[in-house]
Every structure is written in structure tokens, then in C-alpha cells.
Amino acid sequence: NAGVTQTPKFQVLKTGQSMTLQCAQDMNHNSMYWYRQDPGMGLRLIYYSASEGTTDKGEVPNGYNVSRLNKREFSLRLESAAPSQTSVYFCASSGVRQGYYNEQFFGPGTRLTVL
Amino acid sequence: AQSVTQLDSHVSVSEGTPVLLRCNYSSSYSPSLFWYVQHPNKGLQLLLKYTSAATLVKGINGFEAEFKKSETSFHLTKPSAHMSDAAEYFCVVRELSGGGADGLTFGKGTHLIIQP
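Which chain is which? The protein sequence lines are A and B, in order. Everything in the first sequence is counted per the working numbering, starting at 2 for the first residue and increasing by one. Everything in the second sequence is counted per the working numbering, starting at 3 for the first residue and increasing by one.
Just so you know, these hints were derived from the structure itself, not from any lab. Beta carbons: idealized from backbone N, C-alpha and C, even for Gly. Treat the hints with care, since some could be wrong.
As the list claims (entries may be wrong) - Derived contacts from chain A toward chain B, CB cut-off under 10 Å, selection only:
no.: 1; residue: V5
no.: 2; residue: Q38
no.: 3; residue: E60
no.: 4; residue: F91
no.: 5; residue: N103
no.: 6; residue: Q105
no.: 7; residue: F107
no.: 8; residue: G110
For reference, chain B alone in the conformation it holds in the complex (with noise of 0.2 Å):
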């Protein structure tokens, strides 16, 4: 059974400083991995997906995530936050259970905010 953990709930920088949205995850089998952004009173957008072509997975806005296998995990990062960017961050795993569930396991989320 696949399960996603993201270890802050609530994350606060600065603008202009380096963010870091941590998340980790355990599969039975090479997982899909996605992050999903929620800004206020809107639906998911997608920022990034892992397709197993490459580790470090770059994204839209800035955004890139790094897939660490030994260590199970695949943390979201920019290098300057930007006022925007305020808003909350899923993590996200699939895999394909025995029953051919399709649908996807979501993190509790993270809530990021960026102070002036």
C-alpha cells in the first residue's frame, strides 16, 4: 500500500529566500510522483510529475522537486519565493495497487507563506 507523508503542515519564508516543502513516501513498487499546487478558493494545478527519466524533476514557476530513492523521498524546492507562491502544496503518489485503483494518494498539504 502506497502512503505520503509531507512533514510540515505550515511552512514560512521570507520573500526572496530559498523554500523547501519536504515529503515522503512509501511504495511497494517505483512510484509515480507528482506535486500539486492550491492557491486560495481554486482547484489543483500541477507543478511537477516524476516519470523515472530523470531525478531532478523541474517544474512551472521556478519550481523543481529531487527524487531520492534510498531515501524515499521527493521534497519540493525554489530558490527565491515570490509573494505568489502563497498558497497550499500537495504531494502526491500513485501506484497501480493488484485491485487497478487509479486514483492517487494525497499528503494532508502544506501551507505556504511568504512574508513581505
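Just chain A, with the same shape it has in the complex (with noise of 0.2 Å):
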């Protein structure tokens, strides 16, 4: 099992460009998750996806879109990039059934920098 996977892991934009960070799990998990990690600010999340078909916002959605392909794929888009975007993105997933004390499986992460 890759278990959670995540491409590009680096990536240079320049502002207004766009881009989508894909994700991929192999674990059968029903939530997957979008975060975004700031130096000194612990790990935010933009978006989740309870189950396949729904998607929901975080704490910083603003400047994100995300699409939920599938159960496995869950894939995050920056419509127009911004300096402020700068940022490393994890990807995790969990849950084959519901839990309250399912753990999330983090991907290896994307590193943006925004020009």
C-alpha cells in the first residue's frame, strides 16, 4: 500500500497563475482532507470530504477550490495564485468506517512557493 500520495512535491508559481494539487489514498478511508502549514502556525485545514460527493470548508477556504473525483482521489485548486498561498499543503485521509477516534494518514506534502 502507497497509503496517501500527493503531486507535485515541489512547485514555483507566479502570481495569478493557477494550479490543482492532486491526492490519492489506497486505504479504503471515506474522509479526506486538505491542510495547509505555516511556519509557527501548526497545520490549517481549507477543506475536508466527509464521503465521497461532499465537500466542506475549513478553517482558511478562501483562495481554494477542491473536488472530490472519487473515494480515492481528492484534488485541491488555486484558482488565481497569490503570494500569500506561499505554503507547504498535506493531504490526509481516514476512517474505512466512522469514529470519533479515527487518526488521519498524512501524504509527504507539496511544497508552493508563490512568486
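Assembling the complex is the task here: the two chains are given apart, and the hints tell you how they should meet.
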């Protein structure tokens, strides 16, 4: 099992460009998440998907959109990148079955720089 | 609403000495609590989780944490630090809100430095 995979690993964009971060999991998990990590801020939830076909906003959704393409894949799109979106982005998944104590499994991250 | 506070942004210990990383939480309900570790340029890995079955939770690599409801704390400890323990550690709380959000709330992290 590969677990949670993310592409690309690194990306440099110019302000105003768009891009899509890809995430896939092979653990048959129902829930998937996108976080951003900034120095001294911990991880902050951008969007999540509790199940295939549903998505909801997290703490910092502005400037992002998501698509839960199927049970395995959850993509994050930046329509018009801004320097404030320079960050490390993590995808996570959780839960073959609903459970309050389910931990999340994280991908290796995408380092995004917006110039 | 839930929140989590990691009381130290940096902790430095000598190899072979005990490690203590402190975490306090606030939660309206009985929380679900986790500790994750992040090594440089890596993703997050689960160290341990509190599931209400036992207040003392043992995790991987010799780490353990004790849930103390009266103190609203979930401190992470290890008897003897190893150089490979140098990393960022995150205390995390989950509370099922009325809106059904399933995301976790992360502390800001504690950077553990191991001196040779």
C-alpha cells in the first residue's frame, strides 16, 4: 500500500497562475482533508470531504476550491495564486468506518512557492 | 469550541535524558486526542492517540502520554531521548461540532532538539 500520495512535491508559480494539487489514497478511507502548514501556525484545515460526493469548508478556504473526484482522489485547486498561498500543503485521509478516534494519515506534502 | 495549546515552542534535552512535551486542551465534550511527529521535510506520523480506554497511552518509539481530565492536559513523555527523536511534535484535538466538521485542531508545534 502506498498510503496517501501527493503530486507534485514542489511547485513554483507566478502570481495569478492557477494549478491543481493532486491527492490519492489506497486505504479505502471515506474522509479526506487538505491542510496548509505555515511556520509557527501548525496545520490549518482548508477543505475536507467526509465522503465521496461531499465537500465542506475548513478554517481557511478562501482562494481555494476542491473536488472529490471519487473515493480515492481529492484535489485542491488554486484559481489565481497569491504570495500569501506560499505554504506546504498536506493531504490526509481517515476512516474506513466512522469513528471518533480515527486518526488521519498524511501524505508527504507539496511545497508551493508563489512569486 | 475546541483548542489546544502547546506550552513550549522549543525544547532542548541531552541524549539519554527524559523528554517532556506539554499540551493543554479545551473542549466542550470528551475529546479525542493525538500526538503526531514530523521529521524535517516529511509528512506527519501518528505517535499515539487517546481513545478513553486508558488514561496512560503508549505509542511508538517509546513515547507515552497521560490524559488528565482535571488538568485538561495530555503531555508527551519519553524516558530516554535518542538523536532520532529530533523533530516537530504536534498535539491535536478533535471534537465533533454541531456542524459535523471532522477536521482536527492542531497545536502550533514543539520543536524538539537533542543535544549529543
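How the hints compare with the structure:
1. V5: holds, 8 Å
2. Q38: holds, 9 Å
3. E60: holds, 8 Å
4. F91: holds, 6 Å
5. N103: Cβ of N103 (chain A) sits 8 Å from chain B, so the hint holds.
6. Q105: holds, 7 Å
7. F107: holds, 4 Å
8. G110: Interface hint status for G110 (chain A): holds (6 Å vs cutoff 10 Å).
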